[in-house]
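A.B. asks: First to last, the protein sequences are chains A and B.
For reference, each letter of the first sequence is one residue, going 323 to 610 in our numbering.
For reference, each letter of the second sequence is one residue, going 58 to 419 in our numbering.
Just so you know, the hints here were simulated from the structure itself, not pulled from any lab data.
Keep in mind that the hints are not guaranteed to be accurate.
List time: in silico DSSO-like cross-link candidates among lysine-lysine, alpha-carbon distance up to 27 Å [as the list claims (entries may be wrong)]:
1. B:K149 to A:K397
2. B:K116 to A:K397
3. A:K606 to B:K160
4. B:K238 to A:K328
5. A:K397 to B:K160
6. A:K328 to B:K160
7. B:K192 to B:K82
8. A:K397 to B:K192
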Amino acid sequence: MTAVYKRELRSYFNSMIGYIFTAAVMLIIGLYFTIYNLRSGYPYFATALAGTISIFAFTVPLLTMRSMSEERHSKTDQMLLTYPVSVAGVVFGKFLAMLTVFAVPMLFACLCPVVIHLGGNGSFLIDYSLILLFLFLGAMFIAIGMFISSLTESQVIAAVGSMIALLVLLLWDSIVGFIPTTLVAAIVGTLILFVLAALLIYRSAGSPIAGLTILGLGVIATVLLAFLASSAFTEGFTAFLKLFSIYGPLQNFANYYLFDVKGLLFYALFAALFLFLTIQSVQKRRYR
Amino acid sequence: MIEVTNLVKRYGDHVVLDHLSFTVKPGQIYGFLGPNGAGKSTTMNILTGYIGMTEGSVKINGHDLLEEPEAVRRSIGYLPELPPLYGDMTPKEYLTFAAELKKLPRGERAAAVEEVMELTGLVGMQNRLIRNLSKGYRQRVGLAQAILGMPELIILDEPTVGLDPQQIIDIRNLIRSLAGKHTVILSSHILTEVQEVCDHILILHHGHLVADGTPEELERSLRDNVLDLTLKSESPSDVEALAASLPDVSRWELRNGSGECQLALYPEEGADLREAVFNACVERKLPLLGMQYRTTGLEQVFLRLINDDLPAPSAGDSLPEEMPTDAEAPAASLPDVNRREASDSDEACRPDPSHKEGADEE
């Protein structure tokens, strides 16, 4: 794992990608910092930083696009997969390397609260908590991008796919707002989710039986719940969708000044799930 | 060392490997020979654990490939068809990375990297970026990572592709020097390479193992038993009469009926026709200009095995080993001879059947 980590990290800074990513993120953070804190006089750097979140949907794919797809494209995966290292080790090494690159502009962002403190009264606690949250958010975004990169041999497809996925995640609250809170919508929505889950399991485990089992159980559970407890089911579905709102923890940190441990764990769990899926996707391809 | 049983690989309906079974003994050099698409690379990819098999089992040093993948991989060095190189690294960086990944002890890494760079002639190129290296040098970097740490089993998929003639000789010598301590499996569609380097040849065709043996065994078992004669004659009927008069001839072919006639005799099993031919020629006053057994190089054996249209040659024919040689006296009386050589051995009187004829590169 450390060997892969070191190689990846060096490769990011041997090529332009590491620098472009750092420069782009720092430029946007600097702009927001100047406008919010220095010009408009907001006391907390957290306010400015929280505003920059959408640009990560475009910059994180820069990091992740080549992570897995390029190995397959240039056949270097043949080395990694025939050496005495586990796929998990390779995936974690790459993930940590990308997280390190992600942390570079965050490290520079750590200077901003100090600047505020020099000229006025800020709160180190609030600002640094949000920077910490951003590291977790970055981990989640990177894991998602990496998973998408593991599905294709093309960097371009990986980049575009990751951007779309991250944008959907960022716009999740608005998307959920469009979904009517009726029983029919809840039933249709739940069924769609189970179909997606079944497909995902079929794709990553390569077992149609496992996929069909999940689908069957899902349909039975949906029908039973919809008839037995229809109002609870409808509310439960909406609550379930809201669970995936990544803005919740961010707002807790940036607007309500809450250190939301649950939110941190949610991001970490999300990241872990996609790392797991990445490993599965690589393994599955070998034993198809 | 390696035990492969009933290996099957299918991609959808396409069968790449069809119940392939073979064993590999330690310390020897094995060559996979076969045309493109025969399943050589697939077999190697399965042996190294890069891809899974559909059915069958592979045991390396008694460890099952699927049950103990890391233990197995630790004892394998693999050079895939396309060397798995990172263009943004120098050979030295890359090999150091490979040494770390192979979990060589920290203290031995630098020395191991130096050693393989010396062996593959990379020392002068060690600080250039791999993406700027020529194909031959990239191939060498790939080879270097395969032999790094001197694993017991070294698997090389077409190791000499893209190298210049001198490099090919160097790399072949390197591979030969690995035998004994290491087991080497290499693949090639180049016959001479396998013939020169390998102790044992496995010929694959359409995912089947069509031949398995040492180069000599393969040649011997698949050799033709045909006696080619060149006779000086103006009328083909004389030659036909000669052929018809010979005993123990199952069938004969006559080409170029006048002037220098080419007559091919197919003897009965185990019969040596040469003496009878000589006597018959003398009797009929047909000058015998040439007589020799047709030689079948490994090349023809190979081509015949992989060519679906040609009938498989009958195996098991053996040539008469004895040749009465009392050539000194008649030779001395011949006109227009400026030098003569004769020996008791077979070799001087008829060409060595294992003579590698026409086995040029590709």
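A.B. asks: Determine for every hint whether it applies to the structure shown.
C.D. replies: Hints, one by one, checked against the model:
{"no.": "1", "hint": "B:K149 to A:K397", "verdict": "holds, 20 Å"}
{"no.": "2", "hint": "B:K116 to A:K397", "verdict": "holds, 25 Å"}
{"no.": "3", "hint": "A:K606 to B:K160", "verdict": "holds, 25 Å"}
{"no.": "4", "hint": "B:K238 to A:K328", "verdict": "violated, 33 Å"}
{"no.": "5", "hint": "A:K397 to B:K160", "verdict": "holds, 21 Å"}
{"no.": "6", "hint": "A:K328 to B:K160", "verdict": "holds, 14 Å"}
{"no.": "7", "hint": "B:K192 to B:K82", "verdict": "violated, 32 Å"}
{"no.": "8", "hint": "A:K397 to B:K192", "verdict": "holds, 16 Å"}
Going through the hint list in order, the structure does not satisfy hints 4, 7.
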